[in-house]
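Asker: Given only the sequences and the hints, what does the whole structure look like? Please build it.
Order-wise, the sequence lines are chains A and B.
Residue 262 in numbering that gives the first Met the number 0 sits at position 263 of the first sequence, with consecutive numbering throughout.
Residue 201 in numbering that gives the first Met the number 0 sits at position 202 of the second sequence, with consecutive numbering throughout.
Think of the hints as simulated: they come from the structure by calculation, not from any bench.
A portion of the hints provided could be inaccurate.
Dumping the calculated BS3-like pairs for lysine-lysine here, alpha-carbon to alpha-carbon at most 25 Å [unchecked claim]:
| no. | chain 1 | residue 1 | chain 2 | residue 2 |
| --- | --- | --- | --- | --- |
| 1 | A | LYS24 | B | LYS303 |
| 2 | B | LYS172 | B | LYS303 |
| 3 | B | LYS49 | A | LYS42 |
| 4 | B | LYS49 | B | LYS105 |
| 5 | B | LYS88 | B | LYS14 |
| 6 | B | LYS590 | B | LYS303 |
| 7 | A | LYS37 | B | LYS590 |
| 8 | B | LYS311 | B | LYS762 |
| 9 | B | LYS121 | A | LYS42 |
| 10 | B | LYS311 | B | LYS172 |
| 11 | B | LYS571 | B | LYS590 |
| 12 | B | LYS560 | B | LYS590 |
| 13 | A | LYS37 | B | LYS125 |
| 14 | B | LYS402 | B | LYS434 |
| 15 | A | LYS82 | A | LYS37 |
Listed here are the chains, written in short residue letters.
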Amino acid sequence: MYDFAYHKPSSVADAVALLGDSEAKALAGGQTFIPVLKQRLNKPSAVVDLSGLGLSGITVTATTVTIGATTTHITVANSAEVKKAIPGLANLASWIGDVAVRYRGTIGGSLANNDPTACYPSAALALGATIKTNTREIAADDFFQGMFTTALEPGEIIVSVSFPIPQASAYEKFRNPASRYAMVGVFVAKTASGVRVAVTGASQGGVFRHTAFETALSANFSAGALDGIATPADGLNSDIHGSAAYRAHLVGVMAKRAVAAAA
Amino acid sequence: MNAPFEGIGASVRRKEDLRFISGRGHYVDDMNRPGQLHAVIKRSDRPHAKINSIDTSAALAAPGVVAVYTSTDLAAIGGLPCGWQIHSKDGSPMAEPKHPVLAEGKVRHVGDPIAVVIAATKQQAKDAAELLHIELEDLPSAASILDAIASGAAQVHDNAPGNICYDWHIGDKAGMEAAFAQAHRVITLDLTNNRLVPNAMEPRAALGDYDSSTGDYTLYTTSQNPHVIRLLMGAFVLGLPEHKLRVVAPDVGGGFGSKIYHYAEEAIVTWAAGKLGRPVKWTADRSESFMSDAHGRDHVSTAKMAVDKDGKFLAMHVDTLCNMGAYLSTFAPAVPTYLYATLLAGTYTTPVIYAEVKAVFTNTVPVDAYRGAGRPEATFLIERLVDAVAYDLGMDRVAIRLKNFIPRDAFPYQTPVALQYDSGDYFATLDAALKHADWAGFPARRAAAAAKGKLRGIGISTYLEACGIAPSKVVGSLGARAGLYEVANIRVHPTGSVTVFTGTHSHGQGHETTLAQLVVEQLGIPIANVDVVHGDTAKIPFGMGTYGSRSLAVGGSAMVKAMDKIVLKGRKIAAHLLETDVDDIEFKDGKFTVAGTDRSKSFGEIALTAYVPHNYPIEELEPGLDETAFYDPKNFTFPGGCHVCEVEIDPATGIPTIVNFVAVDDVGRVVNPMIVEGQVQGGIAQGIGQALYESAIYDAQGQLLSGSFMDYTMPRADNLPNITVATENTMCTHNPLGSKGCGEVGAIGSPPAVIGAIVDALKDYGVRHMNMPASPEKIWSIIQSRPAMAAE
Ligand SMILES: Cc1cc2nc3c(=O)[nH]c(=O)nc-3n(C[C@H](O)[C@H](O)[C@H](O)COP(=O)(O)OP(=O)(O)OC[C@H]3O[C@@H](n4cnc5c(N)ncnc54)[C@H](O)[C@@H]3O)c2cc1C
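Answerer: Have a look at this one:
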C-alpha cells in the first residue's frame, strides 16, 4: 500500500465532504478495495471509512426489502426476513466468496464496484431494485453501465438499496473454481408484471438482462420454457477458466436451475 | 497404573500442534533483529529481455533507503549452484548456464530478480523500488516445452543450443526395439503432466545477520535443509567457511519441495548483512511466491507398451520432454531422470524398458522437485498407460494389473531401470482397496447415478514409489554433488531426559512427535522426557534435511544407530554398577537388568552415573551419554499401494465431484498411525488438486496467467471427499526400522485414480484418456461434442 490519510466520519454529510477530494476513496468492507491497495494498484490521498455512518440494517415492508449500504453479506444471508421475502437474495448472499469475505463485504461496496463477476448486481437488476444515494435514487436498469462502471458520480455514496418483493426468485451460480466469484450467475425474479432474468459473470460488459429468457418465462414460468433458446457467445468472457461458448451454455443451465428452484 | 503407550505404533497427539494452533510458532518473518533493514526485490515483468540500463539514483535518494544492489555489485560472488549433474546419451555433461543471484545482462522469466532495494522499512523499500529506472528490451521468448524445442525458437541461454539442457536415456533400447517388433500389439498414449505451483502456506522469507566483532554470519530461512543451504551458499556463492556461517530454519509453514533449494534471496540478505553491518530481512509477497518459488512437474510424454495377446507387458518405451524453466534449480536435473525414469517399472514385471528424457530451458520460473518429485509423473504415465492397454484390449483394469504385478515371492526384485525393490505386496494393497471401495458394487452405484442423470466412474491406481534416496555412493555415481545419509545426535541428560538433534527438518510433518516415539520405543522413557531439535546448523552436527519422505527411513534410522550406541554404553556402565559382565546385561523397557535376575538399574540411574562418574569404569569408558550416528542407507525404500477413486459428473455443467476415495498404502513400519493418515490425506488432497484443479498456465510469451489465488485453483476442503486411509505393510528389509515413508504416497498414487474415474465415467463417450486438470469445461466439451454415443 501507499500511504494515505484515514478518516472515519460519522455522518453521510461528512463522508461526502471528505470524498469531495477527488483523490479520496470510500472504504466499505474492503474485500475488493484492500487487495487493490495492497497491490499498489490505487493511490488514494485519503480513505474514507463508511462503517461509522450507521448505514447497516434491513427493513422489510409488505412490498419492499431495503438493505443499508454497509450491511454485510452474512447479515443478508442469515436474515430470516430476507429469506422469507426474497429467498433468492438471501441465497445469493450466502454463496458470495468464503466466510471471511461474507463477514466483511457489503452490499453497497458490491454494487458500487460492479465487478462483472459479482453476484449482487444480478439480483439488483433482476428484481428492479432502486439504489438510493446521498443525492438521488437510481433504478438498477440505469445503474450498471458496463464492467466496473456505474451511474455513481465521483464522491456519491450509496446509502441503501430497495428490492421490490417478487412472487418468486432464485439465484444459481457456477462458481469460478479459483476465486469463487460467479463464472456465470443467473438471478430469476417472477413478478406480477412479468419475469426478469439477469446474468452476471458471463459478459465482458458486466451484468445484463436476458430478454429472450424473460419473454419465454413470462409466457411460461418453467425450466422447459428455456429449451432451445440459445445464448449467443458473442461478447461473453473467455479466459483460462472457460470459453465464451462454455459460459453461453452455462447461462442456460443456471437459468433453468434457477427457474426450477423458484417455481 | 500403566503408563500410556507412546512407542512405535501409538497415535500420540502431535507435540508441536499446541504451538502451531495457538499462534506460538516461530517463523522467519516473526523474527526481528536489532537494527534490521528490509529488502524488496525488483523483479522482471517480462519473460525475456535485455537489460539495457539500470538507473538506481532516484531509488537511492528515496527516504529510508540504505542500499540498492544490482548484479554489478555482486560481481565477486558466485551464481546459484546446481546440485546434480546429468550426462546426455552421448556422454556430454548437461548444459549448465550460470544462474546469477541477480540478473546479469538479461532477464529470463517473469519474476527474475533484477535489483534489491534495502531500506529502513519494507514500505520505504517498496516505494523506492518503484523509482528504479530499468530499461528492458524485449527479446523473443518461449514458455512451453514444445515452443522451446521448435526450430527457430528463442534461445533462453546462448550456451544451451536448441534450449536443450540434456538428452538422457536409461534402459535397453535394442531390447525394447526387438520386443516391440515381435509384440502382439503396441499401445501408445500421449500425455502431459501439468505444471504446478507449490503454494506452501508460509511464503518464503530470509533474514541475514552479521556480527562484525566475530565475523559470524547467520541466515534465518524458510528451508527444508539448513545444512545443505549452508554448504551451497557458503561454499559456492559467498565463499564463507562453515564455521562462520550459521543457518537456522525455525518453524517452517510447509515446503512440499519448494523450500529445498538455495534461492537468490538467501544469498542476497546474507551478503548484504555483511556489507551493511546490519540485519536484512526479506519476506515474499504471495504474488512473488507464484513467480519465484520453483514450480513442479511440467512434462510432455509419449508412452508405449508392447503387449502379448493376453495383456502381458513385454516392453515399454517412454519419451519425455520436461521443462527446467529458465535456470537450473538446485536438484532440477535429477527429478525427471533418476527420480522419474528409474520408476517406470512401477509395480509390474515389464521386462524391458527404455526411456529417453530431454530437459528443456524455457522462459518460465525454474522447475524442481514438488511433493513426489518425478514419481507422480512416472506413476501418472504408467497407470494411465496401463488403463489405456486395458481399454484398447478390452480387458478389465484390475485383471490386467493382477496379470502383470511383480509376484509376492519375487523380492528382492531387480527392475530393468536400475532400481532393486526390497519388499512389497501389491496384491495385498489391491485386495484391501477393492474391498474398502466396494469395487464389486460399483455397477449398481453407476446405474443409480445414471437414474439421477449423473455419470459415475471409478478409477484405480496401483503405484510404486521410491523414498529415502540413497546410498551416497550410488547417487554420487549418478551425478549427485552431495551425500544422502542422515545424522542424529542423541543427548541423554544427567537425569535421563533426552534431546534429539536431527539433521532432518520438520515443516509440518510432525517429526517432533514421530521421532520422539522412536526414543520412547528404544530407550523406554516417556515421550514427555524427549525433545526433538532440528533446523539449526549451530546445534546439529550435520544433516541433509527433509524431502523424498526420507526423515523417518533415513533420519529415524540414524537415531536408532545412535541409540544403539547409547544402549551399549549404558550396558557397560550397568555392568560396572551391577558387578557383572556386559554380556549379562539386558536392556528392556528402560531398565538395564542382569539377565535372569531382578537386579537392575533404571535408564535414569545409568544416565546420572555417566555424568556423575563417582563409581565408574573410568579407565575403559569416557563419562557422558551423548552419541552421534551418521547413517547411509543401502538402498531406497519402496512404498506402494492402491488408490481407488469414485467420481460423479454433472453432465449439464461437466463438474466432477469425488464421492469416494480409498487409499491402501504400504509404508513399511508405522510409527504413528494418526500422523500417517494425515500425511496420506494431505498428499491425496494435493493429488486431487493436480488432477482436477491446479495448473500453472503461461501464455505463449511467458506471462503467468494463473499468478494468484484468483486464478490458480487450490483444492479446498469442500472439494475433497472423506478419504479412507488404510495400510497393508511389508517391512523395508534394509533399514533398522522397517519404515518406508509416507509423505508423498498420497500425491503420487492419487492423480491417475482420479483421472481413471473421470475417464470411466465418460466411457460411453469414447474417452480413453484425459490430461490434468480435468476441468469442468474439458469434461463438458466431450459430453456435448459426442452426444450420439451417450444414448446407448
Ligand atoms: C476471495 C473473495 C471472493 C469473493 N467472492 C465473491 C463472490 O463470489 N461474489 C461476489 O459478488 N463478490 C465476491 N467478492 C467481493 C465481495 O463481495 C466484496 O464485498 C465486494 O466486491 C465489495 O464490497 P466491500 O464492502 O468489500 O467494498 P470495498 O472493497 O470496501 O469497496 C469496493 C469499492 O466500492 C466503493 N464503495 C464501497 N461502498 C460504497 C458505497 N456505499 N457507496 C459508494 N461507493 C462505495 C469503494 O470506494 C470501492 O471502490 C469476493 C471477494 C474476495 C476477496
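Asker: Each of the hints needs a verdict: does it hold here or not?
Answerer: Structure-based check of each hint:
| no. | hint | verdict |
| --- | --- | --- |
| 1 | A:LYS24 - B:LYS303 | 61 Å, violated |
| 2 | B:LYS172 - B:LYS303 | 13 Å, holds |
| 3 | B:LYS49 - A:LYS42 | 30 Å, violated |
| 4 | B:LYS49 - B:LYS105 | 4 Å, holds |
| 5 | B:LYS88 - B:LYS14 | 49 Å, violated |
| 6 | B:LYS590 - B:LYS303 | 59 Å, violated |
| 7 | A:LYS37 - B:LYS590 | 61 Å, violated |
| 8 | B:LYS311 - B:LYS762 | 23 Å, holds |
| 9 | B:LYS121 - A:LYS42 | 17 Å, holds |
| 10 | B:LYS311 - B:LYS172 | 19 Å, holds |
| 11 | B:LYS571 - B:LYS590 | 13 Å, holds |
| 12 | B:LYS560 - B:LYS590 | 19 Å, holds |
| 13 | A:LYS37 - B:LYS125 | 11 Å, holds |
| 14 | B:LYS402 - B:LYS434 | 19 Å, holds |
| 15 | A:LYS82 - A:LYS37 | 35 Å, violated |
In summary, the numbered hints that this structure violates are 1, 3, 5, 6, 7 and 15.
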